[in-house]
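Colleague: Protein chains in written order, with the numbering used here: chain L, 506 to 803; chain X, 39 to 241; chain Y, 39 to 241.
Calculated from the structure, these hints are not laboratory results.
Careful: at least some of the hints might be erroneous.
Estimated spans, in silico, between C-beta atoms of each pair [said to hold, decoys possible]:
hint : chain 1 : residue 1 : chain 2 : residue 2 : range
1    : L       : L634      : Y       : Q162      : 48 to 56 Å
2    : L       : T546      : X       : L176      : 37 to 45 Å
3    : Y       : D212      : L       : F743      : 26 to 34 Å
4    : Y       : E199      : X       : L79       : 49 to 57 Å
Note that the Cβ used here is the ideal one computed from N, Cα and C, for glycine as well.
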Amino acid sequence: MALSRPTVGSGSLFIPKEGFLLVDLERFQGPLDLLLHLIRTQDIDIFDIPISTITRQFLIAVKEIDVGQLDHAGEFLEMAASLVRIKAQMLLPRPSDDEDQDPRAELVRRLLEYEQIREISMRLKAAELERGRRFSKGFVPPRPRPRQRDVPLETAWEDVFEAALGVELPEVHDRGHRVTLRPVAMEDKVELILSTLRHGTRVEFSRLLRGIGGVEARLHGVMTLLASLELTRRRWVFMRQVAPFSELWLYRREEGQGDEGGGAADGVEAVWGEEAADGAETSGENEPGAEPPHEETA
Amino acid sequence: MNVAQIVEAVLFASDAPLKAEEIARADESLDEDRVEEALDLLRRFYDESERAFQVVEVAEGFQLLTRPDFATYLERFDTVPRPSRLSGPALETLAIVAYRQPIGRIEVEYIRGVSSSGVLRSLQDRGLIEVVGRGEGLGRPLLYGTTARFLEHFGFASLDELPRPEELPIVLRDRIPLGDDEDEGEDPGLQPQLDLGGGEGGE
Amino acid sequence: MNVAQIVEAVLFASDAPLKAEEIARADESLDEDRVEEALDLLRRFYDESERAFQVVEVAEGFQLLTRPDFATYLERFDTVPRPSRLSGPALETLAIVAYRQPIGRIEVEYIRGVSSSGVLRSLQDRGLIEVVGRGEGLGRPLLYGTTARFLEHFGFASLDELPRPEELPIVLRDRIPLGDDEDEGEDPGLQPQLDLGGGEGGE
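Okay, chain L solo, but in the shape it has when bound (with noise of 0.2 Å):
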């Protein structure tokens, strides 16, 4: 991933003057952090964010993320998704000026309240270090415990029978921690937009997501979303939506029709191509079309 800054062809894009967006994002603990980073070290009043700018600012920060090495990677792209929604948002028209319909006005209190704990954390710290400096008995001579089958025990059976009644059993994604613990992979996404349309031409948009529910359900679709995207750019497939909210399909683009050199200077394109290629591998299917443009020299 280091290979391609993002140099990002296209003049659209903010570059920073200082390049401070190239700084390892293993450094923030999440896409809050970022933003944070983002907006103090711009002097930007965090009641007006000037959100385009920031937007564009943190995509580009995004882009640097190795989807596979970054634990948080997931809840990165997610904050863009939404950032972009808010974006969306601003265009439209509001029905009042008032503050309150402001569309940036639960990102800004999210801000504040993360900004805040931090402040409290770095307090923390320092406690923990004073609390360092002073030490306790080193050598206590181990004595006998009272053994715990002499203690009186007051509790009742009533006690008992309260935490019977309210024992429920956890949902899935509450005992698969490591559900939870590990982002969605886009490259997960990729592979099964490509493996399903290997069966047809197209596919629903919700198709994809079939069986997914819960907390994990909008991850989910953010990231399939990115991959249609990612792929649509790359030509691989187009999509297609008849109305605003209506199913958006996804189409195979047939052979031939797939661009060899598509945006291959993008950084972005590298990283997933790589990805791609070995999701490829894996499951031993290399169709012509579906070859990624990329060489195996990385």
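We have chain L; now place chains X and Y onto it with these hints.
Modeller: The following block gives chains X and Y in isolation, referenced to the frame of chain L:
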């Protein structure tokens, strides 16, 4: 044996803070008040005789700890256990739990913007937070709160010693355009929950 | 900082006895002789001011320990049985074991959604549950059930007396099977908890 001696022996033989009423269990002749008196006496004696340790109020109890000035000498010894340091994510998560307890995982994740089950788990394993109940709603989510060990780790006497939001440079009140919260219904800043901490302090 | 203070701090905070030459490493200004002098000074001071602790020389070096005369208080302090209540997690775990016995740790953790080896251990220590057998499958897991003490404490003549009203969660009332992977013995989703569970059990 006078009271101060007994109290000193008990403090000296413990590796964790003890509440006055716990210390009082050492002898029938003791009660909380007499223990507190003895603690005062010891505190003054250690100060006047310039002991290397003092009586420190931690986690709603009392503990003998070395004065901070001796840290540089002590850090050279392998036989002196090193204090542990928490990671950035752990501190951030603890800050949220401390101020918003009882709080569920989903809310923690909404505030942090990143998934947090791993870090919550590890804080639980270190005894810094614990499950304090279950919330309403779908799946009756587990709610977390801080433990006595949390206070101990940071050297706080009680939750009251946490910085109050109004002391922080970033002020949440007043200026926030509290809009129609789109999905998360409840999210009333940090303010109200602090009372909770205060109430527990128990004076 | 005088020499005696430094020596006192080191002796206090060290978790093992130290020889005079080891203590001398605390500061460049120290050597074995000066440490020995300081040790003498401390020894006399503790005696004269009738501290509850003293400098003790053992084979491996010097240590600060409480005087033997206080042993009875310390013992008492530790063994006075204080009536205690079960915590929320303990109540929940006990309820699950009571209604689903015999049950293994993995299943308890599956239902609770959190690692439970610590809380199972403490219920065992309290004599409320015990190992009643081993399950089938990988590793032949220990199965827990309630004890006679459990029945006695809660006033049941036998387990048949446990109420099973309608409002009891179905997972406890009808003992619905847990997941489709039960027969495989190991739920991959539980893996992380397994590791952590092991850690939590430690003293």
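Colleague: So, for every hint listed, does it hold in this structure?
Modeller: Against the structure, the hints:
1. L634/L / Q162/Y: 48 to 56 Å: Since the Cβ atoms of L634/L and Q162/Y sit about 39 Å apart, the hinted range of 48 to 56 Å is violated.
2. T546/L / L176/X: 37 to 45 Å: 40 Å, holds
3. D212/Y / F743/L: 26 to 34 Å: Cβ of D212/Y to Cβ of F743/L: about 52 Å, so the range 26 to 34 Å is violated.
4. E199/Y / L79/X: 49 to 57 Å: 55 Å, holds
The structure is inconsistent with the numbered hints 1 and 3, although it conforms to all the rest.
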